[in-house]
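Can you build the whole structure from these sequences, using the hints too?
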Amino acid sequence: MTMPFYVAPEQVMKDRAEYAQKGIARGRSLVASVYDAGILIVAENPSRTLHKVSEIYDRMAFAGVGKYNEFDQLRVAGVRHADLKGFAYSREDVDARSLANLYAQYLGNVFTHEMKPLEVEILVAELTDPGDGAQIYHISYDGTVTDEDLFAVLGGETDTISERFSSAYADGWDLDTALRAAVTALAGPDRTLGPGDLEVAVLSRANGRRAFRRLLNDELARRLQP
Amino acid sequence: MGLPLFPPGDDPGPNFSALVQRPEALGTTPLGSGATAPPGPGVTVRHATTVAALRYAQGVVMAGDRRATEGNLIAHRGIEKVFPADRHSAVAIAGAAGPAIEMVKLFQTQLEHYEKVEGVALSLEGKANQLGQMVRDHLPMAMQGLAVVPLFAGYDLRRGTGRIFTYDVTGGHYEEADHGATGSGGRDARTTIKLGWSADMSRDAAIELAVRALYEAADEDSATGGPDLVRGIFPVVATVTSDGYERAGDDEVAERFAALVGRDRRAERP
Numbered sequence: 001m002t003m004p005f006y007v008a009p010e011q012v013m014k015d016r017a018e019y020a021q022k023g024i025a026r027g028r029s030l031v032a033s034v035y036d037a038g039i040l041i042v043a044e045n046p047s048r049t050l051h052k053v054s055e056i057y058d059r060m061a062f063a064g065v066g067k068y069n070e071f072d073q074l075r076v077a078g079v080r081h082a083d084l085k086g087f088a089y090s091r092e093d094v095d096a097r098s099l100a101n102l103y104a105q106y107l108g109n110v111f112t113h114e115m116k117p118l119e120v121e122i123l124v125a126e127l128t129d130p131g132d133g134a135q136i137y138h139i140s141y142d143g144t145v146t147d148e149d150l151f152a153v154l155g156g157e158t159d160t161i162s163e164r165f166s167s168a169y170a171d172g173w174d175l176d177t178a179l180r181a182a183v184t185a186l187a188g189p190d191r192t193l194g195p196g197d198l199e200v201a202v203l204s205r206a207n208g209r210r211a212f213r214r215l216l217n218d219e220l221a222r223r224l225q226p
Numbered sequence: 001m002g003l004p005l006f007p008p009g010d011d012p013g014p015n016f017s018a019l020v021q022r023p024e025a026l027g028t029t030p031l032g033s034g035a036t037a038p039p040g041p042g043v044t045v046r047h048a049t050t051v052a053a054l055r056y057a058q059g060v061v062m063a064g065d066r067r068a069t070e071g072n073l074i075a076h077r078g079i080e081k082v083f084p085a086d087r088h089s090a091v092a093i094a095g096a097a098g099p100a101i102e103m104v105k106l107f108q109t110q111l112e113h114y115e116k117v118e119g120v121a122l123s124l125e126g127k128a129n130q131l132g133q134m135v136r137d138h139l140p141m142a143m144q145g146l147a148v149v150p151l152f153a154g155y156d157l158r159r160g161t162g163r164i165f166t167y168d169v170t171g172g173h174y175e176e177a178d179h180g181a182t183g184s185g186g187r188d189a190r191t192t193i194k195l196g197w198s199a200d201m202s203r204d205a206a207i208e209l210a211v212r213a214l215y216e217a218a219d220e221d222s223a224t225g226g227p228d229l230v231r232g233i234f235p236v237v238a239t240v241t242s243d244g245y246e247r248a249g250d251d252e253v254a255e256r257f258a259a260l261v262g263r264d265r266r267a268e269r270p
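For the protein sequence lines, the chains are V and X, in the order given.
Per the numbering used here, the first sequence starts with residue 1, numbered consecutively.
Per the numbering used here, the second sequence starts with residue 1, numbered consecutively.
No wet-lab data here; the hints were simulated from the structure.
We put the beta carbon where it would ideally sit given N, CA and C, even for glycine.
A few of these clues could be false.
[Claimed, not checked] Footprint (simulated), chain V over chain X, 3 or more residues, beta carbon under 8 Å:
hint, segment
1, 12 to 22
2, 98 to 111
3, 222 to 231
[As the list claims (entries may be wrong)] Counterexamples of contact, computed for chain V against chain X with all Cβ distances above 10 Å:
hint, residue
4, 6
5, 81
6, 92
7, 128
8, 131
9, 157
10, 190
11, 221
12, 225
Given below as structure tokens:
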């Protein structure tokens, strides 16, 4: 009979975390921030069709960084969860908190029980209803959830990006200012990012029932002009 | 409810109706196609009646009266039969009100679900086809006397024109050239529209014609409600153009009715 080698649980978790972090750090980062009329999400993404930011429900958006197929699967599950809930109960009963918890549960479960953790970090943003608040849930690869009231940074180099962004952050700023600050924070001192390198979307109270809207080509270019 | 994740070979894709029926999702069969017995003679079911749609220069107008009946009784005076299906289409219902409204809810969710999962909206033809499948799935209930016959219209962004589809209980859907109507007063409504329709009508003229069609239908059909001036209940009238679905305000519809009734009165004076 062969005895399996003993590996300390700390070591297992550390290895997995390292693996997931490496995968996530390979991808590009993303910034989400509250502005005066809603929530802005800016991702560095040269692709026009493989989205990192998408709509989940009337007042909810999803964003992910890391491995595309893994977070896209989570996105679709989120859309399904929200639509099923809205269909079974009412549109008002669909909320980000319960979805964030489900994501956390799933990611935590995969992290501890599966061979390979998911190499993703995701975000669920919501405009609260009633009221004019906003909530951003940040869920990491091991299922840790944090809720942010102002902004969140996902991906590699989060510390430096967040430092740059928080020094620019101002309460109640408008969309254009927030957008430019987010792009500058993502780019860093040595690069500049143009509209072609970015994927930008907002959850805005001005958009009616479905608050989600992408800022595309011309509009994005115009808003990026100082 | 857990996170609805499926293995690759068993994934319902962007199809919400298929998803709802999964035991691990809701596990319910929408549209209750499991009915086995017809409603007995003592059971009366709410029915909704006349709805009509017509094309005009910028898109389509859709209108529906507000009356629901149970047998020969009026069950509801303010029921709505015209709904936005998504941004660029509208659906109206005739037949058993309960399953019809459930079908609309499923249809709306289905279109939005597809759009979110796939990242692009279905084509107008695709939407019409989806609704046809829902009507077909409902056929067993229709055979028990709970038929639902919708009317679908929308703005086709690819062709740049308004389009109208009518249905039968088997789910067959047929594109109409310029106008369509369904429900117990549908025939009267359709005749009225046929006589008054012309190509490239303005929005105002199209709304007026739709309102007139409902008025004539209510005149001939007891299950169709006319304008209720006492309670201030007017038909639901909506337009769908390249800018999307928009419901006309009650004030505007009331004004059209006033103009219509005023003209008729003058005409009938000896």
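Against chain X, does residue 225 of chain V hold up as non-interface, every C-beta pair farther apart than 10 Å? holds (27 Å)
Non-interface label on residue 81 of chain V, tested against every C-beta of chain X at 10 Å: Check fails; 6 Å does not lie beyond 10 Å.
Establish whether the coverage given for the segment 222 to 231 of chain X by chain V is satisfied; the threshold is a Cβ-Cβ distance below 8 Å, and no fewer than three residues must meet it. violated (count 0)
Going by Cβ atoms, does residue 221 of chain V stay more than 10 Å from chain X at every point? holds (22 Å)
Test the statement that residue 92 of chain V is away from the interface with chain X: the closest C-beta pair must be farther apart than 10 Å. Non-interface label stands for residue 92 of chain V: nearest chain X Cβ at 15 Å, farther than 10 Å.
Against chain X, does residue 6 of chain V hold up as non-interface, every C-beta pair farther apart than 10 Å? holds (33 Å)
Quick check: do three or more residues in the segment 98 to 111 of chain X have a beta carbon closer than 8 Å to a beta carbon of chain V? Since three or more residues must qualify, the claim that chain V covers the segment 98 to 111 of chain X holds, with 3 doing so at under 8 Å.
For residue 157 of chain V, is the shortest beta carbon distance to chain X beyond 10 Å? holds (28 Å)
Evaluate the condition: distance from the CB of residue 128 of chain V to the nearest CB of chain X exceeds 10 Å. holds (21 Å)
Please settle this one: residue 190 of chain V was flagged as non-interface, so is its CB more than 10 Å from every CB on chain X? holds (33 Å)
Beyond 10 Å from chain X, beta-carbon-wise, is residue 131 of chain V? Check passes; 24 Å lies beyond 10 Å.
Taking a Cβ-Cβ distance under 8 Å as contact, does the segment 12 to 22 of chain X have three or more residues in contact with chain V? It holds: at least three residues are needed, and the segment 12 to 22 of chain X offers 3 whose Cβ sits within less than 8 Å of chain V.
The structure fails hints 3 and 5 (numbered hints given earlier, in ascending order).
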